[in-house]
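Undergrad: Use these hints to put chains B and C onto chain A, whose structure you have.
Each chain is listed here by its residues.
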Amino acid sequence: MRIKLTVNGEEREAEAADHESLLTVLRESLSLAGSKNACEQGECGSCSVLMDGDLVCACLVLGAAAAGRNVQTVESLSDGEQLHPVQRAFVEAGAVQCGFCTPGLIVATYALLKRNPEPSDQEVREALSGNICRCTGYGKILEAVDRASGAMYRR
Amino acid sequence: MSVHISRDVDDALDNLASRKDATVLAGGTDLLVEINFGRLRPAHIVAIDRVDELKDFSRNGHVRMGALVTYTRMLENDAGSVALQEAARPIGSPQIRNAATIGGNLGTASPAGDTLPVLAALEATVVLRSKKGERRVPFADFITGPKKSVRRPDELIVAAEWDDAGPAQTFMKVGTRNAMVIAVAGLALVVDRRRRRVGVGLGSCGPTIIRATEAERFAAGLLEEAGWDRTHRPSEAAAKEFGRLAAGAAKPIDDVRGTAAYRRHVLAVMGARALARVAAIP
Amino acid sequence: MSTAAPRVRIRGGVGESVERPDSAPKVKGEFQYGSDLRREGMLYGATVRSPHPHARILGIDTATAKKMSGVKAVITSAELPTRALFGLMKPDQPVLASGKVRYVGEPVAIVAAETAEEARLAARAISVRYEALAPITDPVAALQPDALKLHQKGNVIEDVLVEHGDPDATADVVVEAEYELGMQDQAALGPEAGLAIPRQDGGVDLHIATQWLHEDLRQIAPCLGLPESKVHLVLAGVGGAFGAREDVTLQIHTCLLALATKRPVRMTYGREESFYGHVHRHPAKLWYSHGAKKDGELVFVRATIVLDGGAYASSSPAVVANAACFGAGPYRVPNARIHAVGAYTNNPPTGAMRGFGAVQSCFAYESQMDRLAAALNIDPVELRERNALRNGDPIITNQPVEGSAPVADVIRRCADVAMPPGEIPHDPIALPGGLGNLTHGEGVRRGVGYAAGMKNVCYSHGFDDFSTARVRLARDARGPIAHVHTAAAEVGQGIVTVCAQIARTELGIERVEVDRPDTTIGSSGSSSASRQTWMTGGAVLAACREVKAELLARAQKLGRSPDELGALLDEPIDRTVTHRHRDTEARDATTQNQGHVAFLFAAHRAVVDVDVDTGLVKVVQIATAQDVGKAINPVAVVGQIEGGIAQGLGLAVMEEVQLRDGLVRNASFMDYLLPTTLDMPPVVTELIEHPHPDGPYGAKGVGEPPTISSTPAIVAAIRAATGKELNRVPVRPDDIVFGTPYRSGWRIGPGDDPRRAVRA
Chain A
0 MRIKLTVNGE EREAEAADHE SLLTVLRESL SLAGSKNACE QGECGSCSVL MDGDLVCACL
60 VLGAAAAGRN VQTVESLSDG EQLHPVQRAF VEAGAVQCGF CTPGLIVATY ALLKRNPEPS
120 DQEVREALSG NICRCTGYGK ILEAVDRASG AMYRR
Chain B
0 MSVHISRDVD DALDNLASRK DATVLAGGTD LLVEINFGRL RPAHIVAIDR VDELKDFSRN
60 GHVRMGALVT YTRMLENDAG SVALQEAARP IGSPQIRNAA TIGGNLGTAS PAGDTLPVLA
120 ALEATVVLRS KKGERRVPFA DFITGPKKSV RRPDELIVAA EWDDAGPAQT FMKVGTRNAM
180 VIAVAGLALV VDRRRRRVGV GLGSCGPTII RATEAERFAA GLLEEAGWDR THRPSEAAAK
240 EFGRLAAGAA KPIDDVRGTA AYRRHVLAVM GARALARVAA IP
Chain C
0 MSTAAPRVRI RGGVGESVER PDSAPKVKGE FQYGSDLRRE GMLYGATVRS PHPHARILGI
60 DTATAKKMSG VKAVITSAEL PTRALFGLMK PDQPVLASGK VRYVGEPVAI VAAETAEEAR
120 LAARAISVRY EALAPITDPV AALQPDALKL HQKGNVIEDV LVEHGDPDAT ADVVVEAEYE
180 LGMQDQAALG PEAGLAIPRQ DGGVDLHIAT QWLHEDLRQI APCLGLPESK VHLVLAGVGG
240 AFGAREDVTL QIHTCLLALA TKRPVRMTYG REESFYGHVH RHPAKLWYSH GAKKDGELVF
300 VRATIVLDGG AYASSSPAVV ANAACFGAGP YRVPNARIHA VGAYTNNPPT GAMRGFGAVQ
360 SCFAYESQMD RLAAALNIDP VELRERNALR NGDPIITNQP VEGSAPVADV IRRCADVAMP
420 PGEIPHDPIA LPGGLGNLTH GEGVRRGVGY AAGMKNVCYS HGFDDFSTAR VRLARDARGP
480 IAHVHTAAAE VGQGIVTVCA QIARTELGIE RVEVDRPDTT IGSSGSSSAS RQTWMTGGAV
540 LAACREVKAE LLARAQKLGR SPDELGALLD EPIDRTVTHR HRDTEARDAT TQNQGHVAFL
600 FAAHRAVVDV DVDTGLVKVV QIATAQDVGK AINPVAVVGQ IEGGIAQGLG LAVMEEVQLR
660 DGLVRNASFM DYLLPTTLDM PPVVTELIEH PHPDGPYGAK GVGEPPTISS TPAIVAAIRA
720 ATGKELNRVP VRPDDIVFGT PYRSGWRIGP GDDPRRAVRA
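Protein chains in written order, with numbering that gives the first Met the number 0: chain A, 0 to 154; chain B, 0 to 281; chain C, 0 to 759.
Next comes chain A alone, as it looks inside the complex:
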């Protein structure tokens, strides 16, 4: 069915087959492939997006039922070549290896820092515990979150 929703600030119309998740709609119908499909069951966080401001797994949202929602994906964060401070921090900290988990982690970090600008190490770990990274062992990711928090709030 055809649905209308707001994606990254724009009114969009998309084709959503009945069984398709919001993730599939974003990736296939709206050509926003930044949100990644790695587990299809909300166990890895690679498809994290904001829906009406809440961090959710796009793979667990039924596309057809997302009509009228306001969705924000990783693609919304940078402004052309200008990276968002969270993105900049991931690049600088060496938090990116294969990068498949990266968009989801960027969105999750963005959501965390909006809510809690200077989280403790334990708070960061809990907030990102739904985002699996298989490459980095998380050390550089935690460093990136700290850098981003510094760049955004501790000046």
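A hint or two may mislead.
Footprint (simulated), chain A over chain C, 3 or more residues, beta carbon under 8 Å [to be verified]:
{"id": "1", "stretch": "679–687"}
{"id": "2", "stretch": "712–723"}
Simulated DEER-style distance windows between Cβ atoms [claimed, not checked]:
{"id": "3", "chain 1": "C", "residue 1": "741", "chain 2": "A", "residue 2": "9", "range": "54 to 60 Å"}
{"id": "4", "chain 1": "C", "residue 1": "198", "chain 2": "B", "residue 2": "205", "range": "56 to 62 Å"}
{"id": "5", "chain 1": "C", "residue 1": "417", "chain 2": "A", "residue 2": "9", "range": "50 to 56 Å"}
{"id": "6", "chain 1": "B", "residue 1": "205", "chain 2": "C", "residue 2": "62", "range": "45 to 51 Å"}
{"id": "7", "chain 1": "A", "residue 1": "80", "chain 2": "C", "residue 2": "476", "range": "17 to 23 Å"}
{"id": "8", "chain 1": "C", "residue 1": "744", "chain 2": "B", "residue 2": "259", "range": "17 to 23 Å"}
{"id": "9", "chain 1": "C", "residue 1": "171", "chain 2": "A", "residue 2": "119", "range": "31 to 37 Å"}
{"id": "10", "chain 1": "C", "residue 1": "374", "chain 2": "B", "residue 2": "205", "range": "43 to 49 Å"}
{"id": "11", "chain 1": "B", "residue 1": "59", "chain 2": "C", "residue 2": "681", "range": "55 to 61 Å"}
{"id": "12", "chain 1": "C", "residue 1": "569", "chain 2": "A", "residue 2": "119", "range": "49 to 55 Å"}
{"id": "13", "chain 1": "B", "residue 1": "59", "chain 2": "C", "residue 2": "67", "range": "57 to 63 Å"}
{"id": "14", "chain 1": "C", "residue 1": "741", "chain 2": "B", "residue 2": "216", "range": "38 to 44 Å"}
Simulated from the structure, these hints should not be mistaken for laboratory data. Quick reminder that beta carbons are idealized off the backbone N, C-alpha and C, glycines included.
TA: Just chains B and C, lined up with the frame of chain A:
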């Protein structure tokens, strides 16, 4: 397959009444997995996630939690129960907790549903509504088997209700990872000092959620002796006996997440620890 | 190779922590992985897989599927263009099963349709009639003389014997035990994916997420019935690999469907299918005996190692060889007999995963070293230091460790890392069980464990190992620019950064672009065996030096300084170089020869908190020292080390593909658990840089050692906390609370031939 987005309860009930094969979609965190893996293609979906009247929460001696209260809301605001809050924290991931709801946990009725042992221990009531009216089902009668409940296809779970049991309660969960893990075993203990009642609910250790009634009686006896309105430290032997009785109520199996023997063992450990922890809370 | 200093100090060169060139597109979500590829008119592929571990195919009915909406092609073994088999080291695997299926998940038919859902439905509508056969799922049983033969030549994939000194030597103190490792999954987050586009000339272009383009090409072309010249491969974005992309999975299928439909076809596995679609780490059963003098000096090691290769060979021969060659660890062992055998079974095929072979034996020999330390009443670190290989000492294959062998240094530096705060925390989130709220300190004991490990870098045993690099130095409006082109697969490890850094340092310019890898250039070999920095880094270095030589010649001819690049680049300079490491020898009967290029060493110390009542574990800290030769990009080196340790931690306490009668019981991330941020502790890393004379700038390799000895270090720490034997990984809560050790059910003397085993 068709999808209908409801904005109010009456509309949802109309839809459920007109389509006997309808599936209710709340947070989607269970249903979408089945759909994504190609195991399920519901004929008709009624999405209720935007029905605001199901998001209400009230607490004034009695707690009423609307079916669409998410785990994140329980953690950030009030869950009407300490144990429920503790149960909400390890459910899935932050992403899951933002979407998943108490009503969804009830609707799925999985023996591994983390809030369910708490609702069992609280002796909660499940409020169901259809076009024919509302009925209130004690939690003990709600679940009839693995992923089976008394909810009729035309009914909507609208709320869970329970008496505010005070702060002496806890929930524990064992999983083989420190976050984002399906429970290998879960235990909720509620000591309602005012009503002089003990509730013990067990999860992931039988075909349904289990009430450990012998353990409840044993703990009630201890509290009777020590004084319901006083904190105390149960002896190690008493705590162990409580754990043993809790574990004895379980009907665990060996599965991919753990063995029956381990589940029994760890329920006894959780029981003993839970009693010591809760008895110390006024 | 000399380590000449660059003429000009430039930014982004060797030794600096340099940002990855692909990190900006990756953080923006713009980087195109295999599963992101699309083409106008593209079809979607799907695979029909065997539900049986062992069965005869009686018939396949595709009539219904062919008539279904959107279906454009259905292919079974009957429609294949050739009968060619494929396989990484032995061609033993059919493109689609014919006659028999040998594991659950074996591809039987493929479908292409207009949408992914139509392809899925059509695949489901294909009806295959099977006659189930008894499966063999115990690799020791498969090796016995009376076992049913799963392949024509029998069930032995590879048999490696290492005999060194007096293999039957005796010692003052002897410790003996058996061990087991479960099946680990690489669990790369990016699922298998490829896009095949038919070409006008009857050939095909394949965009594929792989570790080794040219090896894929070598296996794909004959199965399509095409010459290699008609098959062109381009590297798609790779979402992690860790060995799982060394084998062909959907490559041939995607090409076949594209050729049959004359339309572009994309295949992408979902997570469940990915578990069936790629090889896993070999489960292993090991029987070990260590002998030492009273003062702790090792006298002998004898071991029998059985590796479960599953239904097809994949890289089993190399895995078996590694398990045997490194089966005594980084120690001086004058006498040894290691007998390692890989067996065919009806379990899912196993192959490459980070540290292969070395991971399996390290868990056993490091557990043995602790057992020996206890028997001798010697500190475990001291015992390891006392026996550590020194430069010039031979390993048990009689090959001296030369060039760089800082083993004692690695062990000592790791042990000397400051311990974490000694107090056990009170916040349940920082304790075993994490968010499960199980303990506020009750039952929690702390333990510390050590382990060291070793592995070869690059390919061994006479394999013609080479890498090709093309460097083109030119001038454009903004000045000089270099392009580096290789076929080396960037899988996340950072070879793309290393190549650029080397070119910058060598050519003295900052503008370096690394082109997309494809098969228009010669092979770079695989992104595996910790080899790309050594091999492709070496090739880029050599090509740059040829470019520099030409610059120098031009400068001399024109009477100018070689630094005046602008004036010397009227014509670009373009050099392609094939780089080889020194020759290695093929294995002989007792594996006593120069089989390897060089060796990598690492040590790990784990500090864990264990809730001894629930059997749950929280790793508190990992300290590591690793010998890297030279850190070309330190931030990336540390990233590889931390990531490798996370995989070692997974194998230690949670990761296992659980099998029952050949069936995978947990083919999802819900039940195949990977470490989260709350499982992975802080890692303290000491980089040891003893340059190796043969590696570029002295660099060795980095990727594998972190995964090798981290696992036994964590298990040693759990043993220290619990006093339990724990001779199997992953350690399950049951193992801790009940303490029942693993028993194989077979009586095999360490070092004996496992083909003559007796049931215990």
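Undergrad: For every hint, state whether the structure bears it out.
TA: Verification of the supplied hints:
Interface restraint, the stretch 679–687 of chain C with chain A: holds (3 residues with C-beta to C-beta distance below 8 Å; minimum three). Check on the stretch 712–723 of chain C: 0 of its residues sit with their Cβ under 8 Å from a Cβ of chain A, so the three-residue criterion for coverage is violated. Taking the beta carbon of each, residue 741 of chain C and residue 9 of chain A are about 58 Å apart, inside 54 to 60 Å as hinted. Residue 198 of chain C and residue 205 of chain B have their C-beta atoms about 60 Å apart, which keeps the hinted 56 to 62 Å range intact.
Under the hint 50 to 56 Å, the C-beta atoms of residue 417 of chain C and residue 9 of chain A, about 52 Å apart, fit the expected range. One distance hint, 45 to 51 Å for the beta-carbon pair residue 205 of chain B and residue 62 of chain C, holds here, with the actual separation near 46 Å. Between residue 80 of chain A and residue 476 of chain C the beta carbons are some 20 Å apart, a value that agrees with the proposed interval 17 to 23 Å. A beta carbon spacing of about 22 Å between residue 744 of chain C and residue 259 of chain B agrees with the range 17 to 23 Å that was offered as a hint.
In this structure the supplied range 31 to 37 Å is violated for residue 171 of chain C paired with residue 119 of chain A, their Cβ-Cβ distance being about 53 Å. A hinted range of 43 to 49 Å holds for the C-beta pair residue 374 of chain C and residue 205 of chain B, which are about 45 Å apart. Range check, residue 59 of chain B to residue 681 of chain C: Cβ separation about 46 Å, and the 55 to 61 Å hint is violated. Hint check: residue 569 of chain C to residue 119 of chain A, Cβ distance near 60 Å, so the stated range 49 to 55 Å is violated.
For residue 59 of chain B and residue 67 of chain C, the hinted distance range of 57 to 63 Å is satisfied, since their beta carbons lie about 59 Å from each other. Between residue 741 of chain C and residue 216 of chain B the beta carbons are some 41 Å apart, a value that agrees with the proposed interval 38 to 44 Å.
In terms of the numbered hints stated before, the structure departs from hints 2, 9, 11, 12, listed from lowest to highest.
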